[in-house]
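**Q** Sequence:
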Amino acid sequence: MPEHMSAGVVGTVNNLTIVGDDPDRGPYVMYMFNGGGYGGFKGGGGYGTPLERDVERVLHDVRQGYISRETARDVYGVILQDGLLEVDREATEAMRRLRLPPGPPAGKHV
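All residue numbers for the sequence shown refer to the working numbering, where the first residue is 1 and numbers rise by one.
Please note: incorrect hints may appear among the correct ones.
[Said to hold, decoys possible] DEER-style ranges, computed between Cβ atoms:
| hint | residue 1 | residue 2 | range |
| --- | --- | --- | --- |
| 1 | E56 | P101 | 16 to 26 Å |
| 2 | N34 | E90 | 13 to 23 Å |
| 3 | Q64 | P102 | 14 to 24 Å |
| 4 | S68 | R97 | 21 to 31 Å |
Because the hints were derived from the structure by calculation, they are not lab data.
Beta carbons are placed, not taken as given, at the ideal position from N, Cα and C, and that holds for glycine.
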């Protein structure tokens, strides 16, 4: 099974974290287990180039603490304004233009 697809990057190792009875704890998509309690998964490879991921989704992930400002910049090509959690749209577009290969988009991102 491929680690990534359609110009995606290799992800981190998947992991499952059990957080007890508090569904708001941790930077994960939460699932309720049949026996009670909550947990979540994170990690794995991507689909398509991260440079085409929706800027607002990347910003959301930074605000939620799922990824760092540096990851937003280095992996997704999203530049945040100094001292703010807002996208510098002009810098982001310039960064992505420089880093994306010419041609059609690699795939749709969620």
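**Q** Take the hints in turn and mark each one as holding or not.
**A** Going down the list of hints, with the structure as the test:
1. E56 x P101: 16 to 26 Å: Hint holds: Cβ distance 23 Å, inside 16 to 26 Å.
2. N34 x E90: 13 to 23 Å: violated, 49 Å
3. Q64 x P102: 14 to 24 Å: violated, 33 Å
4. S68 x R97: 21 to 31 Å: With Cβ atoms ~23 Å apart, the hint holds.
Hint compliance for this structure: hints 2, 3 are not met, and every other hint is.
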